[in-house]
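Peer 1: Below, each chain spelled out in residue letters.
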Amino acid sequence: MRRDIFQAIADPTRRAIITLIALQAMTPNAIAENFNTTRQSVSKHLRILTECELVKQKQEGREIYYSLEIDKMKEVDKWIGQFRKIWETRFNQLDKVLSTIKKQKK
Amino acid sequence: MNNLLFDFTVDKSKKTVLINREFDAELSLVWDAFTKKEILDQWWAPEPYASKTKVLDFKVGGKRFFAMVSPEGQERWLLQKYTSISPKTNFKYFNAFADKDENPELPGSDWDHSFTEQNGKTTVSITIYNESLARMEKMVEMGFREGFSTCLNQLDELLSAVKNK
Chain A
1 MRRDIFQAIA DPTRRAIITL IALQAMTPNA IAENFNTTRQ SVSKHLRILT
51 ECELVKQKQE GREIYYSLEI DKMKEVDKWI GQFRKIWETR FNQLDKVLST
101 IKKQKK
Chain B
107 MNNLLFDFTV DKSKKTVLIN REFDAELSLV WDAFTKKEIL DQWWAPEPYA
157 SKTKVLDFKV GGKRFFAMVS PEGQERWLLQ KYTSISPKTN FKYFNAFADK
207 DENPELPGSD WDHSFTEQNG KTTVSITIYN ESLARMEKMV EMGFREGFST
257 CLNQLDELLS AVKNK
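Protein chains in written order, with my numbering: chain A, 1 to 106; chain B, 107 to 271.
Hints are not guaranteed to be accurate.
Said to hold, decoys possible - Straight-line alpha carbon distances no greater than 20 Å define the calculated PhoX-like cross-link-like pairs of lysine-lysine that follow:
hint: 1; chain 1: B; residue 1: Lys206; chain 2: A; residue 2: Lys103
hint: 2; chain 1: B; residue 1: Lys158; chain 2: B; residue 2: Lys143
hint: 3; chain 1: B; residue 1: Lys143; chain 2: B; residue 2: Lys169
hint: 4; chain 1: A; residue 1: Lys102; chain 2: B; residue 2: Lys227
hint: 5; chain 1: B; residue 1: Lys121; chain 2: B; residue 2: Lys165
hint: 6; chain 1: A; residue 1: Lys56; chain 2: A; residue 2: Lys85
hint: 7; chain 1: A; residue 1: Lys56; chain 2: A; residue 2: Lys44
hint: 8; chain 1: A; residue 1: Lys102; chain 2: B; residue 2: Lys158
hint: 9; chain 1: B; residue 1: Lys198; chain 2: B; residue 2: Lys143
hint: 10; chain 1: B; residue 1: Lys142; chain 2: A; residue 2: Lys102
hint: 11; chain 1: B; residue 1: Lys227; chain 2: A; residue 2: Lys106
hint: 12; chain 1: B; residue 1: Lys160; chain 2: B; residue 2: Lys121
hint: 13; chain 1: A; residue 1: Lys105; chain 2: B; residue 2: Lys121
hint: 14; chain 1: A; residue 1: Lys78; chain 2: B; residue 2: Lys121
hint: 15; chain 1: B; residue 1: Lys169; chain 2: B; residue 2: Lys121
hint: 16; chain 1: B; residue 1: Lys158; chain 2: A; residue 2: Lys96
hint: 17; chain 1: B; residue 1: Lys165; chain 2: A; residue 2: Lys85
hint: 18; chain 1: A; residue 1: Lys105; chain 2: B; residue 2: Lys143
hint: 19; chain 1: B; residue 1: Lys121; chain 2: A; residue 2: Lys74
hint: 20; chain 1: A; residue 1: Lys106; chain 2: A; residue 2: Lys96
hint: 21; chain 1: A; residue 1: Lys105; chain 2: B; residue 2: Lys206
hint: 22; chain 1: B; residue 1: Lys187; chain 2: B; residue 2: Lys198
What the hints assert, rightly or not - Which stretches of chain B does chain A cover? Using the computed rule of at least three CB atoms under 8 Å from a CB of chain A, they are:
hint: 23; segment: 120–129
hint: 24; segment: 132–142
hint: 25; segment: 187–200
Honestly, the hints are just simulated from the structure, not real lab data. Don't be surprised by glycine CBs; every beta carbon is placed ideally from N, CA and C.
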C-alpha cells in the first residue's frame, strides 16, 4: 500500500504526535502518556508515520526514540505554496479581464 | 502588485481549502466572470495553460465541461456539475477530473462560491471540500506539474548549486 505524506497528516492523533516529536525525540511510551489511547494504537500511528517517512527512529540502549523528519514536512508547505500560486496567477489574470471589460463598457 | 485582499488557507483537519479574494469591479461583472464561458476561458487557466470550455449550461443540474490545455496541446478535461445557484449571491458545483467523453473520475470535490459587494469592490469566497487530502494533492499535480513544479525544482537545483560552491 502506497503511503504518502497527506495520509500521515489526515489523522488528528498523528498530527498531535507530529507536534509532540517536533520539539524533541520521544519513546513510544512517553508519546502514549499524552493520549487517552492504548500504547498499541500509538504504535500503529508511529508505524504509519514511519512508512510515510515522516519520522525516523533511533535506538538508544533499550529504548527507541522517534523524531520528526523536518525536510519531509516542508514538502507539505511547498505543495500548499504551489496551490496558492495557481490561484494567485488565476486571479491576477481575472483582474486584467475585469479591467478590460470595464473600459469597454465606458 | 495590488492591495486587493487575498486569503488562502488550507484546513487539513476539515479537508478544506478556503480562498477569499477581492476584485475591483461591481458584483454583476465578477459574477459573469465566474459563470460565463467567454469570460471564464480568458482567466481560469493559469499561464501557460489555456482554458477551453466545450459546454457551459449555467443552471442547477447543468454543467461546465472544459479542458486545461498545456502549451504542448495536451488536454486535461474537467467536469463541473452545478448543484445550487442563488443568482448574484452564491453557486455550488461538484468538480471532478474527466475523460474526453465526460466520464468523471471520482472522487471529486465540492466547491462553494459566495459573492458580496462593498464600495464598488466585490469579494468572492471560495470553499473547496475534498474527501481526501491525497486528492487535493492530485488536483495540483495533474495539469500543473509541468508549469509550476518544474519552475520550483529548477529553483531548488539552482539554489543548492549556488550553496555548494
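Peer 1: A separate judgement is required for each hint: does it hold in the structure or not?
Peer 2: Status of each hint after checking the structure:
Distance restraint check for B/Lys206 and A/Lys103: the Cα-Cα separation of roughly 37 Å exceeds the 20 Å cut-off, and the hinted pair is therefore not satisfied. At most 20 Å may separate the alpha-carbon atoms for a hinted pair to count; B/Lys158 and B/Lys143 meet this at roughly 9 Å. For the given pair, B/Lys143 sits about 11 Å from B/Lys169 by alpha-carbon distance, which is consistent with the 20 Å threshold. For the proposed pair A/Lys102 and B/Lys227, the alpha carbon gap of about 13 Å is at most 20 Å, so the pair holds.
For the proposed pair B/Lys121 and B/Lys165, the alpha carbon gap of about 27 Å is over 20 Å, so the pair is violated. A C-alpha spacing of about 31 Å is found between A/Lys56 and A/Lys85, which places the hinted pair above 20 Å, so the restraint is violated. Between the alpha carbons of A/Lys56 and A/Lys44 the distance comes to roughly 15 Å, so the proposed pair stays at or under 20 Å and holds. Only pairs whose Cα atoms come within 20 Å are accepted, and A/Lys102 paired with B/Lys158 is rejected, the gap being roughly 23 Å.
At roughly 16 Å between alpha-carbon atoms, B/Lys198 and B/Lys143 fall within 20 Å of each other, so this suggested pair holds. About 16 Å separates the Cα atoms of B/Lys142 and A/Lys102, which keeps this hinted pair within 20 Å; it holds. Among the hinted pairs, B/Lys227 with A/Lys106 is consistent with the structure: their alpha-carbon atoms are about 18 Å apart, no more than 20 Å. Note on B/Lys160 and B/Lys121: the hinted pairing is violated, with a Cα-Cα distance of about 30 Å set against a maximum of 20 Å.
With a C-alpha separation of about 41 Å, the suggested pairing of A/Lys105 with B/Lys121 is violated against the 20 Å cut-off. Proximity of A/Lys78 to B/Lys121 is assessed by CA-CA distance (about 17 Å); at most 20 Å being required, the pair is judged to hold. Note on B/Lys169 and B/Lys121: the hinted pairing is violated, with a Cα-Cα distance of about 24 Å set against a maximum of 20 Å. With a C-alpha separation of about 19 Å, the suggested pair B/Lys158 and A/Lys96 falls inside the 20 Å cut-off, and the hint holds.
For the hint pairing B/Lys165 with A/Lys85, the CA-to-CA distance comes to about 30 Å; that exceeds 20 Å, so the pair is violated. Restraint check for A/Lys105 and B/Lys143: the C-alpha separation of about 19 Å stays at or below 20 Å, so the hint holds. For the hint pairing B/Lys121 with A/Lys74, the CA-to-CA distance comes to about 19 Å; that is within 20 Å, so the pair holds. A hinted pair counts as satisfied when its Cα atoms are at most 20 Å apart, and A/Lys106 with A/Lys96 qualifies at roughly 16 Å.
A C-alpha spacing of about 36 Å is found between A/Lys105 and B/Lys206, which places the hinted pair above 20 Å, so the restraint is violated. A hinted pair counts as satisfied when its Cα atoms are at most 20 Å apart, and B/Lys187 with B/Lys198 qualifies at roughly 8 Å. Residues of the segment 120–129 of chain B with a Cβ under 8 Å from some Cβ of chain A number 5, which satisfies the need for three, so the listed coverage holds. Taking a C-beta to C-beta cut-off of 8 Å, the segment 132–142 of chain B contributes 3 residues in contact with chain A, enough for the three needed, and the coverage statement holds.
Under a criterion of three residues with beta carbons nearer than 8 Å to beta carbons of chain A, the stated coverage of the segment 187–200 of chain B fails, only 0 such residues being counted.
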